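Chain residues, written in single-letter form:
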Amino acid sequence: MRASPANPPQELPAGSAALLEVRNLAKRFGAVEVLKDISLNIASGEFLTLLGESGSGKTTLLRLIAGFDEPSAGEIWMSGERLDLLPPYKRRVNTVFQNYALFPHLSAHDNVAYGLRVKNVPANERNGRIGEALRMVKMQDFAGYRPSKLSGGQQQRIALARALVNRPQLLLLDEPLSALDANLRKQMQSELKSLQREIGVAFLFVTHDQEEAMALSDRIALLRDGALEQVAAPREIYAQPATAYTAEFIGQTNLLRGEIRGGIVTCGALRWPLDQADGPVIFSLRPEAIRICADGKPQTSQAKFRASVRQQFYGGSSELLEVDCGSGQTLRVRIPTHGPLTGEHDFVFSLCDAIRVQE
Amino acid sequence: MYSRAYKSLVSIPPIAWVGAFLLLPYALMFVHSLWAVREGVIVHQWNWENYKTLFTNALYAEVLLRTMRIAASVTLCSILLGYPLAYYLAFHAGARKELLYQLVIVPLWVSYLVRGYAWKTILGSDGVLNGFLQYLHLTHQPVGFFLYSPFAVVLMLTHIYTPFVFLPIYAALEHIPRPLLEASADLGAGSVQTFWRVILPLSMPGLLAGATFAFVLSLGDFLAPLLVGGPSGTMIANVVQSLFGAAFDWPLGAAISVGILVITISLLFLSELLEKRWAFK
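Here the protein sequences line up with chains R and U, keeping their order. If you count by this note's numbering, then the first sequence holds residues 1 to 359, one letter each, in order. If you count by this note's numbering, then the second sequence holds residues 360 to 640, one letter each, in order.
Derived from the structure by calculation, the hints contain no laboratory data. Certain hints may be false.
Computed Cβ-Cβ distance ranges for the label pairs, DEER-style [stated by the list, open to error]:
(1) N24(R) <-> P443(U): 37 to 47 Å
(2) L559(U) <-> Q140(R): 26 to 36 Å
(3) E421(U) <-> E125(R): 52 to 62 Å
(4) L626(U) <-> E53(R): 52 to 62 Å
(5) D225(R) <-> L627(U): 31 to 41 Å
Counterexamples of contact, computed for chain U against chain R with all Cβ distances above 12 Å [unchecked claim]:
(6) Y385
(7) Y410
(8) L435
(9) P443
(10) G490
(11) A568
(12) F572
These figures come from a predicted structure and were not determined experimentally. Each residue gets a CB set at the ideal place from its N, CA and C atoms; glycine is no exception.
Please model the entire structure based on the sequences and the hints provided.
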């Protein structure tokens, strides 16, 4: 049911060829293995997010692709060219740095001009491209400002323009929104997404924020302790998590540990039929997959259990319940706003919503 | 919040100190420069003659020009030695950084005079350098111009002021955020372009501070020319010294001192102005 964590499925969106191929990449810092045997493809024009906790190796992977660090093993290929043997200044990728890394002695305009000047792009072409890049990030009125005179969000835009003006095929973004406050962050997410659609450049986006990853990405590559846990589209990774770790990291879930015996699953107080081989099992059951069953009569494809409401968290459009199924087994249930609930109730969930996951 | 009385009270010592040991001597010096010497006695006769002498007597102009040439040479040599050293320490020294830094600092603890005499020992006719050259049969007679020449002065002052140039440059280089260098490489710049476009501009304030140190300190130096300069290596401070000493012409000496002071203050002012222009935050 689940591929080994080191080699997750590599399906790219239909009809697209791999732009960047990461093959069996590993990185050690001294005795510490920061990345273990990573294989990953990125398609042209794709928005791929590297998601993981701090220390999971996501930034290291980005730095290996950019060329700031050298891999201990493995290869990186881009458009049929071996990338990992080139120095960073010869790689046709550009980076948006976490704290923007704008040149403090240069104006916004000159920051954007930097890559073109370095490559001796003629002045008239250069100025056209700079103007275009500044308009793209809506910063044309701030061209003459030094970075220290710009707000965080404006610096972010200049950093984006500085990278995109070079017309890279792949843009690397290292937690670019983490320094912004919540509102600005949401706005920049939306702008980033539409910008990426508009210019069609592949984005490799690093974040530790699973909501951000879900909202922006075509695919999410979830990293755990330097290895790929799962690579899939946001809807798929949410609906079909391969492992207990993925299920818990992406959104909220109830992990049900139990066993199958004779075609019946038993996880604490929960029991339902399943035609699989006997043995220990883990299921992920999302809180919103559970509903209150008012008439106490489940349909054939549903499982029913009885539990008492212990806590109720009102959340506006929905509310979260903590229910006790007896013997200390607690489940979380998300229901549409209902009003105060107490005592015992019947709950149901569709059998297809209980997703079997690996440890 | 401190009371006004307290604030005025604590500001008395520094003001008194600056007044007694800086402003008052300067005022006395300026007043002297407007007096004259008649038959071996200083007379309080107000006049601008000393300044006229300063501008018309070719000897003083020559010594002043030489002094500035020597100071400029020292500054240039100190930068040429100090900048690469600072660059190496800041970016490439790795684990050796601490040790090398200490090695640059240690000479500062050795007395200026001791270092001067050391150069005398090295450069003299029967000195270490000549002995070595003759031992290698590269020369057959002692080379004279090593000691008692402007060359010797520049050499000794460069040795003494290179750490002063190194330190502010090193501090400036250490302060350059490393992601800026990665960003530069990311945008297609090799290490040479990154140096000219990012590292050098961002280290300019440090370079300027170091250059100002070396130039101003060399400009007023009189021990190096005294120890290793000889007649051809005489600098303006030696002239001032002799005017206040054997020649006993305090008013002219004071006028020259005022001239040096004006040059120095203008330079410091200019340097401050440039530093402000190059400050980025």
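inquiry  = Check the structure against each numbered hint from earlier and tell me which ones fail, lowest number first.
reply    = 5
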